[in-house]
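Protein chains: 2
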Amino acid sequence: MPYCTQMEAAKSGLITPEIDKAAAGENMAPECLRRLVARGLAVLPANRLHRALNPRAIGSNLKTKVNVNLGSSKDLTDPETELAKVRAAVALGADAIMDLSTFGDTQSFRKKLSETCPAVLGSVPIYDAIVDLNKPLKDITASEWLSSARRHAESGMDFLTVHVGLNRETCRKFKANPRLTNIVSRGGSLIFAWMEMTGQENPFFERYDELLDMCREYDVTLSLGDACRPGSLHDASDPSQIQELIVLGELTQKAWAKDVQVMIEGPGHMPLDEIEPHMKLQKSLCHGAPFYVLGPLVTDVAPGYDHITSAIGGAIAAWHGAAFLCYVTPAEHLRLPTLEDMKEGLMAAKIAAHAGDIAKGLPGARDWDDSMSRARQALDWDKMFSLALDGGKARRYRSQSPPELENTCTMCGDMCAMRNMNRILAGETV
Amino acid sequence: MPYCTQMEAAKSGLITPEIDKAAAGENMAPECLRRLVARGLAVLPANRLHRALNPRAIGSNLKTKVNVNLGSSKDLTDPETELAKVRAAVALGADAIMDLSTFGDTQSFRKKLSETCPAVLGSVPIYDAIVDLNKPLKDITASEWLSSARRHAESGMDFLTVHVGLNRETCRKFKANPRLTNIVSRGGSLIFAWMEMTGQENPFFERYDELLDMCREYDVTLSLGDACRPGSLHDASDPSQIQELIVLGELTQKAWAKDVQVMIEGPGHMPLDEIEPHMKLQKSLCHGAPFYVLGPLVTDVAPGYDHITSAIGGAIAAWHGAAFLCYVTPAEHLRLPTLEDMKEGLMAAKIAAHAGDIAKGLPGARDWDDSMSRARQALDWDKMFSLALDGGKARRYRSQSPPELENTCTMCGDMCAMRNMNRILAGETV
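So the sequences go chain by chain: V and P. Each residue of the first sequence is one higher than the one before, counting from 7 in this note's numbering. Each residue of the second sequence is one higher than the one before, counting from 7 in this note's numbering.
No lab work stands behind these hints: they were computed from the structure. As the structure is a prediction and not an experimental result, all values here were calculated from the model. Hints should not be assumed to be uniformly reliable.
Derived DSSO-like pairs (lysine-lysine); straight-line CA-CA distance at most 27 Å [as the list claims (entries may be wrong)]:
(1) Lys179(P) with Lys27(P)
(2) Lys179(P) with Lys260(P)
(3) Lys80(P) with Lys389(V)
(4) Lys366(V) with Lys286(P)
(5) Lys366(P) with Lys80(V)
(6) Lys27(V) with Lys366(V)
(7) Lys289(P) with Lys389(P)
(8) Lys260(V) with Lys289(V)
(9) Lys179(V) with Lys144(V)
(10) Lys289(V) with Lys366(P)
(11) Lys144(P) with Lys118(P)
(12) Lys389(V) with Lys17(V)
(13) Lys17(V) with Lys179(V)
(14) Lys399(V) with Lys389(P)
(15) Lys118(P) with Lys80(P)
(16) Lys80(P) with Lys144(P)
(17) Lys80(P) with Lys117(P)
(18) Lys27(V) with Lys17(V)
(19) Lys286(P) with Lys264(P)
(20) Lys264(V) with Lys289(V)
(21) Lys117(P) with Lys366(V)
(22) Lys366(V) with Lys289(P)
(23) Lys179(V) with Lys80(V)
(24) Lys289(P) with Lys260(P)
(25) Lys399(V) with Lys289(V)
(26) Lys181(P) with Lys286(V)
(27) Lys179(P) with Lys80(V)
(28) Lys286(V) with Lys366(P)
(29) Lys179(V) with Lys289(V)
(30) Lys80(P) with Lys399(V)
(31) Lys27(P) with Lys366(P)
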C-alpha cells in the first residue's frame, strides 16, 4: 500500500477501499468522506491487522455511531460471556466494541475479537500493563506503559484510548481546583497515581512522538482520553476538564501532522444546559476532531437508570456535534453489566444517536420514522415490528396482552384513535 | 369560603391553606406562589371535593411535576390492579394521577381515588359518556357531553382534560393539511368523529361558558386537551397543531376572566430541535399558562422504549418551560401498562423532570445531586442507596453481583478510581 494511514491516503487524494465502504453506509459520495478524513473531521478507524472489520467512519457530519463497552474484571472473568455480549451487541447494531478487560488473558481475547468481529474495535492499553506485569503500579516504567499500547495495536485494535492530556500542567489545575469527585476515569486515575508516586511526567505525553509513530505503523486511531471528565454535575466544565481539553487540542494537531487519526473523549456527568456549549467548545479547541462522549449523564441521582440519564445527554450531544456515543447501561455505578444490561444500554444509546441525527438534519434520518408512522396509521403490526428498533421486545409486549378487537391494542380497544379516524375519514361511522 | 377558586382567592390577595402547603413544597414564599396563581402562571388544582389531596402547584417557575396515567380498559378491567398502581405510583413520587378508564364502574373508582389518594387527580370525562350512555356515539347529545364533565367534577377530580380547541376552525385546518397520523388523541378523535357524524360544533367549545361555570363551582382546573397533538415526527408543528394552540390561547383568557385555572396540553411526537421553539410558542400563544406535555417523543421507531424517547423530549421540554410531564411507559403504542411498566415510565419521567429543573436553574435543584456525588466519593453505599431515585433497584443491582473488595464494585474492582484517588490524595500508595 502506498500509504500508512487512512488520513495519509485521504490527504493525498486517494480513495481507499475502506473509504468506499464507509461512504456507502452513509449514502455519501466517497470523495466527500475522503475530504472529511483528510481534514480530521471524520476518522475511519481501521487497524490493518483487524481483518474482520466492516469499516465505518465517525464524524459529526455522519450518522452518530454507538459504542458498547465490555470485558472481564477480576470479579467476573468469563471470556465466553463477554464474547456472547459482543455477538449480541453486533446483532443489535453496535458500531463499535471497546474491550475494557482488566483481568485474565486479555491479549487472546482481543485477538479473537479482531479475527471475528466486524465492528470497530477499541481498548485501553494501560489496564493490561498492570495486569500483565503483575508488579506495584509505581514500579512500571515509562517504556512498559508504551509497550502496552503496542501490544494492543498488534492485536488489531482500531482505536486506543490513551490518557495523554493528563500532563503535569493538567494535574496542577486539578490540584488547585478541588473537585467533588476527583478523577473518575479509571485509566486517568491510574496514570495520576503513577505520576504522583514516581514524580515523573505522564509517559504518553512525554513520549507522544513514539506513540504517534506506533499508531501510524498500524493505522491505529488515537482516542485521546479525558482523564478529567466530570464524575458529577458539580465538577462539569471546571478548570481541570477544560485545561485537559486545551491540551487535547494541541495533541490533535501534532497527531494530524503525522497523519494519525484522532478522536477526543468527552463527558461524563453534565447538566443539560452545559452540553451544547461544551460541544461547541470542543469543536473549537480540538479543531473539529470527532467528539466521543460517555453520556453525558444529566443527573447524578439515578443509579439503575443511567442508560436513561445518559440517553438524554447523548441525544443533545449528538444533535450539537458529538460524533460517537459510548453507551451507558443500567448497571453503571453499580456492577459489571450483564447481557441484559448491555442490551438496554445499547437500545438507549441508539435512540439518542438517532434522535440526534434527526435534530441535526442528517439527510434521510427521518425516513425510518416516517415508515414507522405510516405502518402505525395503517395498523399494520407486522410492519411496525419489522421496523422497530427492537422488534422482538415490541412483539413480546403486545403478545403478552392480546386485545379483544384485532388491530387495536389493550390500551384503547374500540376507542383506538387510529382505527376510528381511518373509519370516519372513509365516511364510515364509529 | 369567601372565594370559589384558588385563582379568585389569589387575585384578591388571599393566601389559602392550599397555597401555603404548596409553597412549602417548593421552598417558596406563599406570597410568591399566590402571585403566580393570580396571573395564571401556576395552577393549584384542588377540587373542593378531593379531601385527601396534598396540594401542589404546577408552573414553569416551580419544580416540574410528573403525572401517571392509569385506568381500566375493556380488555383489562381490574380496578384492584389499577388501585395497586395508584398506591405504587404515589409511593414512587408521582405528583398526579390521571384515571383514563374506558370501561367498568369508573365513577366508583374515581370516588375511591378522591377519598384516599393525596396526589393531584385528573380524568377525561368524555370516555365515560360513551361507556355509561351505552349508545351510538352520534346519538350522544351536547348536553350529555357536558354532563359527563360535571359527573367527573362531582367525583373530586382536580383537573379535567377537555378537548375544547378542536372546533370547526381547527377541523378545517386539519382537513386542509393532511397528516401522516391524523388525530391520535383518543378523546380528540372521538370528538372529531362526533362532529363529523352530527355536523355540529364541538359541544365544549359551543357551550364553553357553561363548562367554565361548572369548573368554577368545584374549582376544577381545566386541562385544555390538544386533540391535534402530533402522533408522528412528520406531523409535528403542522398547521393543525398550531391552529389548535391559537384557539387554546383564546380559551385560556376566557377561563381566566371567570377565575378558572387552566393548563394547556402539548405534544406528542416531536423532533428534538423543535421542542424549545414549541415551548416558547406555547408561552406566547397561551399567555404563560402552564404547559402539560405528553413526551415529547423524539423518534417514532422505538416501541418498547418510549419511556426513553419521551424522557429525552421531556427533559428538554421541562428545561425550556413545560411545567408538567405526563409519563410514557415502555408499553406505549403496544398495550395497557402493567405495574412494572408504570414504574419504569415514572422513573424515566422523574429523571426528565429533575434534569430539566437543574437546567432551568431552579434554586436548590442540584443539592440532591451533590449529596449523591459526595456519597459516591466517600464510597458510602448505604448513603447512595438512600439518596437514589430508586434505592431498591440500585441495591438489588449491586447485591446481585458482589465484589471481592469491599466498597468497590464488580466493574472496576481494585482499579476503582474513587478508591485509588482517595488513597493517593491521602499520601498512600495504590
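Verification of the hints:
1. Lys179(P) with Lys27(P): Violated, at about 43 Å.
2. Lys179(P) with Lys260(P): holds (23 Å)
3. Lys80(P) with Lys389(V): Within the cut-off at roughly 26 Å; holds.
4. Lys366(V) with Lys286(P): Satisfied, since the Cα-Cα distance of roughly 20 Å is no more than 27 Å.
5. Lys366(P) with Lys80(V): Violated. Lys366(P) to Lys80(V) sits at ~42 Å, over the 27 Å cutoff.
6. Lys27(V) with Lys366(V): holds (23 Å)
7. Lys289(P) with Lys389(P): violated (40 Å)
8. Lys260(V) with Lys289(V): Holds. Lys260(V) to Lys289(V) sits at ~16 Å (cutoff 27 Å).
9. Lys179(V) with Lys144(V): holds (23 Å)
10. Lys289(V) with Lys366(P): Satisfied, since the Cα-Cα distance of roughly 25 Å is no more than 27 Å.
11. Lys144(P) with Lys118(P): violated (31 Å)
12. Lys389(V) with Lys17(V): violated (44 Å)
13. Lys17(V) with Lys179(V): violated (36 Å)
14. Lys399(V) with Lys389(P): violated (35 Å)
15. Lys118(P) with Lys80(P): holds (20 Å)
16. Lys80(P) with Lys144(P): holds (20 Å)
17. Lys80(P) with Lys117(P): Holds. Lys80(P) to Lys117(P) sits at ~20 Å (cutoff 27 Å).
18. Lys27(V) with Lys17(V): holds (18 Å)
19. Lys286(P) with Lys264(P): holds (26 Å)
20. Lys264(V) with Lys289(V): holds (21 Å)
21. Lys117(P) with Lys366(V): violated (48 Å)
22. Lys366(V) with Lys289(P): holds (25 Å)
23. Lys179(V) with Lys80(V): The hint is violated at about 33 Å.
24. Lys289(P) with Lys260(P): holds (16 Å)
25. Lys399(V) with Lys289(V): violated (38 Å)
26. Lys181(P) with Lys286(V): violated (42 Å)
27. Lys179(P) with Lys80(V): Violated: Lys179(P) and Lys80(V) sit about 64 Å apart, past 27 Å.
28. Lys286(V) with Lys366(P): holds (20 Å)
29. Lys179(V) with Lys289(V): holds (22 Å)
30. Lys80(P) with Lys399(V): holds (24 Å)
31. Lys27(P) with Lys366(P): Cα-Cα ~23 Å, so holds.
Consistency note: the structure conflicts with the earlier hints numbered 1, 5, 7, 11, 12, 13, 14, 21, 23, 25, 26 and 27.
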